[in-house]
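Enquirer: What follows is the residue order along each chain.
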Amino acid sequence: MPAYQKSPIPGNRWLPHPLMTLVLVIIWLFLVNTITFGHLLLGTLLGIAIPWFTNRFWPERPKIAKPFLLFRFFFITFVTDVIVANITVVRLFLLPDISRLRPRFIEIPLDTQDPMVITILASVISLTPGTVSAEVSEDRQTLIVHGLDVADEALAAQTIKTRYEAPLKEIFSC
Amino acid sequence: MTFVIELLVSFFLVVGAFFAMAGSIGSFRLPDFFSRLHGPTKSTTLGVGAMAIASAIYFSFHGEGISFHEVLITLFLFITAPVSAHFLAKAALHQGLHRKASSPETSRKSSDP
Amino acid sequence: MLSIAIPVAFALLTVAQLLNLYRLLKGPTLLDRILALDTMYIDAIAMFILMGVYFHSAVYFEAALIIAVMGFIGTVATSKFLMRGDILE
Numbered sequence: 001m002p003a004y005q006k007s008p009i010p011g012n013r014w015l016p017h018p019l020m021t022l023v024l025v026i027i028w029l030f031l032v033n034t035i036t037f038g039h040l041l042l043g044t045l046l047g048i049a050i051p052w053f054t055n056r057f058w059p060e061r062p063k064i065a066k067p068f069l070l071f072r073f074f075f076i077t078f079v080t081d082v083i084v085a086n087i088t089v090v091r092l093f094l095l096p097d098i099s100r101l102r103p104r105f106i107e108i109p110l111d112t113q114d115p116m117v118i119t120i121l122a123s124v125i126s127l128t129p130g131t132v133s134a135e136v137s138e139d140r141q142t143l144i145v146h147g148l149d150v151a152d153e154a155l156a157a158q159t160i161k162t163r164y165e166a167p168l169k170e171i172f173s174c
Numbered sequence: 175m176t177f178v179i180e181l182l183v184s185f186f187l188v189v190g191a192f193f194a195m196a197g198s199i200g201s202f203r204l205p206d207f208f209s210r211l212h213g214p215t216k217s218t219t220l221g222v223g224a225m226a227i228a229s230a231i232y233f234s235f236h237g238e239g240i241s242f243h244e245v246l247i248t249l250f251l252f253i254t255a256p257v258s259a260h261f262l263a264k265a266a267l268h269q270g271l272h273r274k275a276s277s278p279e280t281s282r283k284s285s286d287p
Numbered sequence: 288m289l290s291i292a293i294p295v296a297f298a299l300l301t302v303a304q305l306l307n308l309y310r311l312l313k314g315p316t317l318l319d320r321i322l323a324l325d326t327m328y329i330d331a332i333a334m335f336i337l338m339g340v341y342f343h344s345a346v347y348f349e350a351a352l353i354i355a356v357m358g359f360i361g362t363v364a365t366s367k368f369l370m371r372g373d374i375l376e
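Here the protein sequences come in this chain order: A, B and C.
174 is the number that my numbering gives the last residue of the first sequence; the numbers go up by one with no jumps.
287 is the number that my numbering gives the last residue of the second sequence; the numbers go up by one with no jumps.
376 is the number that my numbering gives the last residue of the third sequence; the numbers go up by one with no jumps.
If you're looking for bench data, these hints aren't it; they were derived computationally from the structure.
Please read these numbers as outputs of a predicted model, since none were measured by experiment.
Heads up, some of the hints might be wrong.
[What the hints assert, rightly or not] Pairs of lysine-lysine, DSSO-like flavour, derived with a Cα cap of 30 Å:
#  : chain 1 : residue 1 : chain 2 : residue 2
1  : A       : Lys66     : A       : Lys161
2  : B       : Lys264    : C       : Lys367
3  : A       : Lys63     : B       : Lys264
4  : A       : Lys169    : A       : Lys63
5  : A       : Lys161    : B       : Lys264
6  : C       : Lys313    : B       : Lys264
7  : A       : Lys66     : A       : Lys169
8  : A       : Lys169    : B       : Lys264
9  : A       : Lys161    : A       : Lys63
10 : A       : Lys161    : C       : Lys367
11 : C       : Lys367    : C       : Lys313
[As the list claims (entries may be wrong)] Computed footprint of chain B on chain A, listed as stretches where at least three residues anywhere in the stretch have a Cβ under 8 Å from a Cβ of chain B:
#  : stretch
12 : 22-31
13 : 77-91
14 : 94-102
15 : 130-144
Glycine is no exception: its CB is placed at the ideal position from the N, C-alpha and C atoms.
From just these sequences and the hints, can you work out the full model?
Expert: Structure follows, in structure tokens:
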């Protein structure tokens, strides 16, 4: 089942991506660094025009089933993991004996074939614990990940699955 | 500008620069390409992100009103860093770098001086 | 406090850029060089931000943003080119 069909926020022909419009307005206000009525108007104009012109590029709308869980995932799991992962990785870089590292590839079987969930999962994996996502197989069944210091492949794959894939699947309900 | 703000800005600047340097040390020391990929994607991104936040705090308390546009750089880097790392890793897999990971220093010396 | 922190941060970033330069010149593969350039532009963004704080000027922000966009596109384009070149061989 594709995770797109109906979004909780209504959209129509003239406003195909309401969430993207909102994000564009906010980004415009950040960019000009002032909140005045004129810039709000200009930002809204851009926010309506850009999704309208690029509509054929992304015909589907992502379905966020649990926005609250998304916030919790992003602000608690993601932010703390990025900081912890960086401290770990920096400690590995500064090891006196660099040959003690055990870099290797891990294969992670994917439970979902939704392109957006896979994209977000791959990005999160690249930014958190010593892993970089390297390749998605043609049939979207496995994700190949390179780990910097992996002691146990099965355990690492399991950690990634439970910590990142499960919440993402729940958020986008697929 | 109060002392606390200045302390916060200094802390973020130095910590950010340290993380950026650690990422480069990683790419300097590690033996094969895939391990080197870890430095820039994680440490450098977080380091520059921390420095952008320091700049945002500095200009918010020292300039004319709130200044948050540095956050855009942080956001942009955090979105693009995994993408470029993924592309580099994909290209490396296509070139077969993972097969000669054991002797990376000697592998392409003749063809790529 | 800032008068100490800014030179320290500049020194750390300079060390980082020199290490990147070593990797850029040494290689050994083309992808290592691309990665080194990618790291160099991200560190350049950091240096621009630092200069913005040092000179208390918002002009450097625009330069940093443009470097961020251009560097990302450059990295993706070169690695994509390498991938395609390999497939067509």
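Enquirer: For Lys161 of chain A and Lys367 of chain C, compute the direct alpha-carbon distance and say whether it is at most 30 Å.
Expert: The hint holds at about 29 Å.
Enquirer: How does the coverage statement for the stretch 130-144 of chain A fare against chain B, requiring three or more residues with Cβ below 8 Å from a Cβ of that chain?
Expert: The restraint on the stretch 130-144 of chain A holds, since 6 of its residues have a Cβ under 8 Å from chain B and three suffice.
Enquirer: Against the 30 Å threshold, does the CA-CA distance of Lys313 of chain C and Lys264 of chain B hold or violate the hint?
Expert: OK: Lys313 of chain C and Lys264 of chain B at ~22 Å, within 30 Å.
Enquirer: Is it true that the CA of Lys161 of chain A sits at most 30 Å from the CA of Lys63 of chain A?
Expert: Within the cut-off at roughly 21 Å; holds.
Enquirer: Are at least 3 residues of the stretch 22-31 of chain A within less than 8 Å of chain B when you compare beta carbons?
Expert: This one holds; 3 residues, not fewer than the three required, reach chain B with a Cβ under 8 Å.
Enquirer: Tell me if the straight-line CA distance from Lys66 of chain A to Lys169 of chain A falls inside 30 Å.
Expert: With a Cα-Cα distance of about 10 Å, the restraint between Lys66 of chain A and Lys169 of chain A holds, given a limit of 30 Å.
Enquirer: For a C-alpha distance cap of 30 Å, please report whether Lys367 of chain C and Lys313 of chain C respect it.
Expert: holds, 22 Å
Enquirer: Taken at face value, is the distance from the CA of Lys264 of chain B to the CA of Lys169 of chain A at most 30 Å?
Expert: holds, 25 Å
Enquirer: Under the criterion that the straight-line Cα-Cα distance not exceed 30 Å, is the pair Lys66 of chain A, Lys161 of chain A satisfied?
Expert: holds, 19 Å
Enquirer: Can the restraint linking Lys169 of chain A and Lys63 of chain A be considered satisfied, given a maximum Cα separation of 30 Å?
Expert: holds, 11 Å
Enquirer: Taking 30 Å as the top limit, are the C-alpha atoms of Lys63 of chain A and Lys264 of chain B close enough?
Expert: Given pair Lys63 of chain A, Lys264 of chain B holds - Cα atoms ~29 Å apart, limit 30 Å.
Enquirer: Quickly compare the C-alpha distance for Lys264 of chain B and Lys367 of chain C to 30 Å and report which way the hint goes.
Expert: The hint holds at about 9 Å.
Every hint from the earlier list agrees with this structure, and none is contradicted.
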